[in-house]
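For the protein sequence lines, the chains are A and B, in the order given. Mind the numbering: the first sequence is residues 1375 to 1636 in this note's numbering, read in order. Mind the numbering: the second sequence is residues 71 to 328 in this note's numbering, read in order.
Derived by calculation from the structure, the hints in this document are not laboratory data. Heads up, some of the hints might be wrong.
[As the list claims (entries may be wrong)] Derived, one-sided and incomplete: chain B residues facing chain A with beta-carbon distance under 7 Å:
no., residue
1, L215
2, N216
3, L220
4, R223
5, A224
6, G229
7, P242
8, R321
9, G325
[Claimed, not checked] A few chain B positions that, by computed beta-carbon distances, are all more than 10 Å from chain A:
no., residue
10, S122
11, L174
12, L184
13, I189
14, R190
15, Y221
16, M228
17, V239
18, L245
19, V304
[Unchecked claim] Derived coverage of chain A by chain B (criterion: at least 3 residues anywhere in the stretch with Cβ under 8 Å from a Cβ of chain B; other residues may be distant):
no., region
20, 1460-1467
21, 1507-1519
22, 1559-1568
On a predicted model such as this, the values are computed, not experimentally measured, just so you know. Beta carbons are placed, not taken as given, at the ideal position from N, Cα and C, and that holds for glycine.
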Amino acid sequence: MGNRSATSPANAALTLRNVTKRFDGASGRVTALEDITLDVREGEFLAIVGPSGCGKSTLLSLLAGLEHTDEGSIRLGEQPVEAPGRDRLVMFQQDALFPWLNVLENVLFGLRLKPDLTEAERLESARYYLNLVGLGNKEKARPHELSGGMRQRVALARSLAPNPRVLLMDEPFSALDALTREQLYGDIQEIFTKRKKTIVLVTHNIREAVCLGDRVVLFSPNPGRVQQVFDVNLPRPRRMNDPALAALASEVTAALSSHLAK
Amino acid sequence: MASKLPRPVIPTFVALLILGGWEWFVRSGRVSEVLFPAPSHVLAWFWESLLSGELLEATWVTMRRLIVGFAIGAALGVPLGALCARVRWVRDTLGVLALGLQTLPSVCWVPLALLWFGIREEAVLFVVVMGTLWAVVLAVQESVLNVPPLYLRAAQTMGSNGWHLWSRVIFPAALPGVLSGMKQGWAFAWRSLMAAEIFVVIIGGFGLGSLLNAGRELLRMDQVMGVMAVVMIVGLLADLIFFSPIEGWLRRSRGLER
Chain A
1375 MGNRSATSPA
1385 NAALTLRNVT
1395 KRFDGASGRV
1405 TALEDITLDV
1415 REGEFLAIVG
1425 PSGCGKSTLL
1435 SLLAGLEHTD
1445 EGSIRLGEQP
1455 VEAPGRDRLV
1465 MFQQDALFPW
1475 LNVLENVLFG
1485 LRLKPDLTEA
1495 ERLESARYYL
1505 NLVGLGNKEK
1515 ARPHELSGGM
1525 RQRVALARSL
1535 APNPRVLLMD
1545 EPFSALDALT
1555 REQLYGDIQE
1565 IFTKRKKTIV
1575 LVTHNIREAV
1585 CLGDRVVLFS
1595 PNPGRVQQVF
1605 DVNLPRPRRM
1615 NDPALAALAS
1625 EVTAALSSHL
1635 AK
Chain B
71 MASKLPRPVI
81 PTFVALLILG
91 GWEWFVRSGR
101 VSEVLFPAPS
111 HVLAWFWESL
121 LSGELLEATW
131 VTMRRLIVGF
141 AIGAALGVPL
151 GALCARVRWV
161 RDTLGVLALG
171 LQTLPSVCWV
181 PLALLWFGIR
191 EEAVLFVVVM
201 GTLWAVVLAV
211 QESVLNVPPL
221 YLRAAQTMGS
231 NGWHLWSRVI
241 FPAALPGVLS
251 GMKQGWAFAW
261 RSLMAAEIFV
271 VIIGGFGLGS
281 LLNAGRELLR
291 MDQVMGVMAV
301 VMIVGLLADL
311 IFFSPIEGWL
321 RRSRGLER
């Protein structure tokens, strides 16, 4: 695999070149992201981790096409990323399920926007992914009748069902309790191994990043930059209390604190 | 003790007490029965006009005007409100105008309506539409602007935009607010219609307001009070039969109340 920072775009799902993003804040121009160059390989689980204010959520919005770069380019395969698209679905921090639809209809929402499918295929796909996240028996339930963990599972099924090329996760576990989170880590890894999906996860939880990512990209704040990239060569499924995982997590933590101390 | 009684017992008792006291007070001759009729007289008028068909016809005329006027007001108000929410300069112009016109009591439209349309059905409808429209425009604008941005972001990443985004996300998300706007618009329409009917008596269209005003002219206070009671009951029924069930279902299905 050789030099990671200069991967050729041939096997890259997402290619970021010199991406810079600025915002006009109350205290003047703020550079949220500066000169980000990064490749996300096809079928890779990339975890982006960093303290708040490092621009990691901004980066995800850029990848989703919900915001635009000021400088640099983002490409999905050969296509430049300019607008939201079904090829890059997002799981948000809050589940963002629509309260006027039941669980099945929520999962069908994205599928119904794919014109090349028949209604029967859509139903089959929605039910397949609901079963995959263990909620096959809840399809008639309304979102408010489910627990936070179940809702986030439905959101996962909704993002997976239209079969996007890349799944973007914006801290989707941060609002959940520790037990539910651990369960979901297991589910996500199982689905990732089974479906070989390209996933970009943004989180402030270093252990979570190490547990889920094939690579962990550490961001440093003010302005947001790539600080260091770590390879995680631990076998899956990984568990949060695995000592090897803890050791790697503390290595990442040390790198972060040494940077913040500067 | 009191807690053991079924809940309607005390209100019923108090109501009977008040009506009985009122009846006794009028019959004792302390006030003119012409100006302050006893409840039994009001009830007698009610029964009589119900049998003659006068009351039902007036109620039907009024309800027809209310429903048609409200429907026009809501049909115009929903797209205009959505446009206000969507386009900045429309909000800064039409939205501000709506805010101003909504504070205008709808009875103020009556002179204008009479001059524009003459003593005709259209004048009454115009007043009702003006009473409904601005409340609906403002409510729709407000509830569309308050749709959580997260829903929009989620829908957009799934490929929803344009009309699909409006019909499948923005409007359903705004529906509870739109419905309370409709309810408010209905209340305004009801008030403006009564004002219009008292002022504008149209041949062949004798509504409840006209009946009320006729009672004044004939010095029949039993009719005046009877019609007032009917107006109240119709307003309550509209809420109980139409708006409350829809609102309740909407809130329950979204888990907005426990």
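B:G229 as an interface hint toward chain A, with CB separation required under 7 Å: This interface hint holds because 4 Å falls under the 7 Å limit.
B:R223 as chain A interface residue, shortest Cβ-Cβ below 7 Å: Because about 6 Å separates B:R223 from the closest Cβ in chain A, which is inside the 7 Å limit, the hint holds.
Hey, does B:M228 actually stay past 10 Å from chain A on C-beta? violated (4 Å)
Evaluate the condition: distance from the CB of B:I189 to the nearest CB of chain A exceeds 10 Å. Given that every Cβ of chain A is farther than 10 Å from that of B:I189, nearest at about 46 Å, it holds.
Close enough to count: is the Cβ of B:R321 nearer than 7 Å to one in chain A? With a closest approach of 11 Å, the B:R321 hint is violated.
Under the criterion of a CB-CB separation shorter than 7 Å, is B:L215 in contact with chain A as hinted? Where the cut-off is 7 Å and the nearest Cβ of chain A is about 18 Å from B:L215, the hint is violated.
Restraint: B:N216 near chain A, CB-CB cut 7 Å. Satisfied or not? B:N216 check fails; min Cβ-Cβ to chain A is 14 Å, beyond 7 Å.
Evaluation of the interface hint that places B:P242 against chain A, nearest CB under 7 Å: Nearest chain A Cβ about 4 Å off; hint holds.
Taking 8 Å as the Cβ threshold, is the statement that the region 1460-1467 of chain A is covered by chain B upheld or broken by the three-residue rule? With 5 residues close enough to chain B, the hint holds.
Take a quick look at B:L174 and tell me if its Cβ sits farther than 10 Å from every Cβ on chain A, holds or violated. holds (35 Å)
Chain A contact restraint on B:G325 - CB to CB distance below 7 Å: holds (3 Å)
The region 1507-1519 of chain A covered by chain B? Criterion: 3 or more residues, Cβ-Cβ distance below 8 Å. Coverage by chain B holds for the region 1507-1519 of chain A (4 residues, Cβ < 8 Å).
Hints 1, 2, 8, 15, 16, 17, 18, 22 from the list above are not met by this structure, while the remaining hints are.
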